[in-house]
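> Each chain, letter by letter, is given below.
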Amino acid sequence: MSTAATADASSSGDTTEGSVRLLTLQSEDGEVFEVKETIATQSVTIKGMVDDDCATSTIPVCNVTGRTLAMVIEWWNKHEIGAVSNEKELKEWESQFDTIDDKSDRDDVYDLLMAANYLNIPTLLDCCTSAVAEAIKGKSTDEMREFFDIKSDFDEKEEDALRKENQWAFEN
Amino acid sequence: MKSTYPKRVCTSNLTKLIGQHCLRGHCIAGIADQPEYSLFNRNPPIQERLHIRSNQIYRSTLLASYPMDSTKQLKLMKTDRLSNLPEPIIFHILSLMDIKSAFRTSLLSNEWKFHWTQFNFFSSFLSLENLSLIDCFVTDCWKVFNFEISAPRLVCLTISNFNIYELARIVISSTTLKLFNLNDNSHHPPLLRMENCQSLVRVNIDLFPPATTLARTGIFKETYIYHVFYMTTALRYLNPLRVSCTSLSKEGFLLYKNTQATEIKFVALKEIEDEWLLVALSMVHGLGLDQLATKLHENSKQKGSDQLAPIKLQLV
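Here the protein sequences come in this chain order: A and B. With UniProt numbering, letter number 116 in the first sequence gets 116, and the count goes up by one each step, no holes. With UniProt numbering, letter number 51 in the second sequence gets 51, and the count goes up by one each step, no holes.
What the hints contain is simulated information worked out from the structure, not anything from laboratory work. Keep in mind that this is a model prediction, so the values were computed, not measured. Check before you lean on any hint, since a few could be wrong.
To be verified - Straight-line alpha carbon distances no greater than 20 Å define the calculated DMTMM-like cross-link-like pairs of lysine to aspartate or glutamate that follow:
# : chain 1 : residue 1 : chain 2 : residue 2
1 : B       : Lys113    : A       : Glu146
2 : A       : Lys91     : A       : Asp126
3 : A       : Lys151    : B       : Asp80
4 : B       : Lys113    : A       : Asp149
5 : A       : Lys137    : B       : Glu111
6 : A       : Lys103    : B       : Asp80
7 : B       : Lys113    : A       : Asp155
Stated by the list, open to error - Stretch-level coverage of chain B by chain A, calculated; a stretch enters the list once three of its residues show a Cβ under 8 Å from a Cβ in chain A:
# : segment
8 : 80-94
9 : 102-110
Every residue gets a Cβ at the ideal spot worked out from N, C-alpha and C, and that includes glycine.
All chains should be built: construct the whole structure from the sequences, respecting the hints.
Written out as structure tokens, the structure reads:
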């Protein structure tokens with residue numbers, strides 16, 4: 001994944017187009033973003049708030065850091081209808097999320113997953129879950145453990161038994 | 001993005017699926033470009049044979065779900081971020097991969113042991129319309145759980161001799177389901193729950209209790225009857241419902257309910273034993289009760305017992 005967008009969202013379109021409402025989002029670490037309502041409502045959670053008229057004051061986005069929220073806003077901007085001219089360009093842009101071989105990329109994806117889950121953004125959720133799924137696919141259990149830094153709490157006997165019992169899954 | 005495995009879309013071509021003699025750990029499969037697929041297993045152990053094809057095979061398995069609470073404590077100990085993700089996300093991720101890779105995650109740690117089994121069965125089979133589960137088993141369930149079948153476009157569902165833990169319940173949730181057939185020859189008919197099944201046109205339930213169950217008096221028979229009782233109680237709000245039970249009497253027992261005609265038919269009611277009227281009553285609750293009373297009255301007269309009808313009717 002490439003570098004996250006810096007918090008440029010706050011400058012986007014807050015002076016022009018008086019008809020478009022701006023929503024104020026505040027990340028967990030206190031960073032404040034102003035986002036067009038039309039963009040932010042890609043989040044089902046925020047859309048619900050807007051529909052219920054609960055989005056008049058600052059919306060706190062718990063458990064999401066400013067850095068992650070900036071990435072989320074970048075995602076929204078790209079996915080706004082008409083923002084990217086063709087499908088191919090969008091896919092190309094999205095492809096930066098596909099490989100998570102670096103640890104920093106993985107951390108970003110986890111952050112984005114948590115944010116997408118909390119804010120309920122289906123497109124982002126799909127993209128990040130498939131990135132993780134792709135990374136898991138084809139790996140042996142040991143490779144998965146190493147890649148994702150997962151500690152096994154099986155004792156050896158138990159693990160061997162499980163492996164034996166389910167041989168089919170461990171052949172290539 | 002490279003992918004050597006079939007993608008999620010591969011199940012979207014599938015319209016008809018038959019799983020037969022499936023055991024725990026077996027795949028019910030959707031195969032790319034094949035709109036119909038039968039999974040057939042006559043001679044267990046068949047695991048190898050089925051799964052060798054499994055890089056073609058897309059999920060899902062007939063495996064018991066597990067009680068959520070049991071992992072709560074383990075959660076405190078985990079350190080890695082992947083395991084820390086909320087469960088729905090983990091299940092979503094697992095639903096995107098082939099069965100082999102998903103299974104391999106079960107050895108990551110105790111916490112992951114059962115993650116791969118967690119999903120709504122068949123919910124990723126986007127175009128599945130016709131599903132038959134014949135002689136399938138669900139094992140490894142040590143607590144009450146729901147076996148949920150929810151495919152978004154399911155129209156016809158047949159469950160035949162589904163062997164499931166006695167207290168488990170089959171939950172069917174489908175807005176498009178029109179026809180549901182259940183055949184059961186076990187000692188305990190499954191408990192059922194139907195959710196959001198507003199399109200249902202017909203439910204056929206045929207019960208074939210094993211002769212040994214009914215031949216014995218006492219606990220076996222009683223248990224069976226109560227299972228049927230609970231099953232029909234749960235279904236009595238469904239309008240088009242037909243329940244039949246053979247080997248109960250010479251002519252069988254048929255209960256037929258059709259609200260359009262507001263008609264209830266009892267076939268061979270004469271020979272029904274008293275307990276079975278409980279079942280009948282549970283089904284006609286609030287509907288055509290007078291008619292039922294008349295029938296019961298006639299019935300009891302023929303049997304030469306006048307007390308039966310009033311006593312049983314009080315139970316409603």
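> Indicate, hint by hint, whether the structure satisfies it.
We went through each hint and held it up to the structure:
1. B:Lys113 x A:Glu146: Roughly 17 Å between the alpha carbons, so the hint for Lys113 of chain B and Glu146 of chain A holds.
2. A:Lys91 x A:Asp126: Given that 20 Å is the threshold and the Cα spacing comes to 13 Å, the pair holds.
3. A:Lys151 x B:Asp80: This hinted pair holds, its Cα atoms lying about 8 Å apart.
4. B:Lys113 x A:Asp149: 17 Å, holds
5. A:Lys137 x B:Glu111: 19 Å, holds
6. A:Lys103 x B:Asp80: 12 Å, holds
7. B:Lys113 x A:Asp155: Measuring from Cα to Cα gives roughly 13 Å; hence the hint holds.
8. 80-94: Since 12 is at least three, the answer is holds.
9. 102-110: Since 8 is at least three, the answer is holds.
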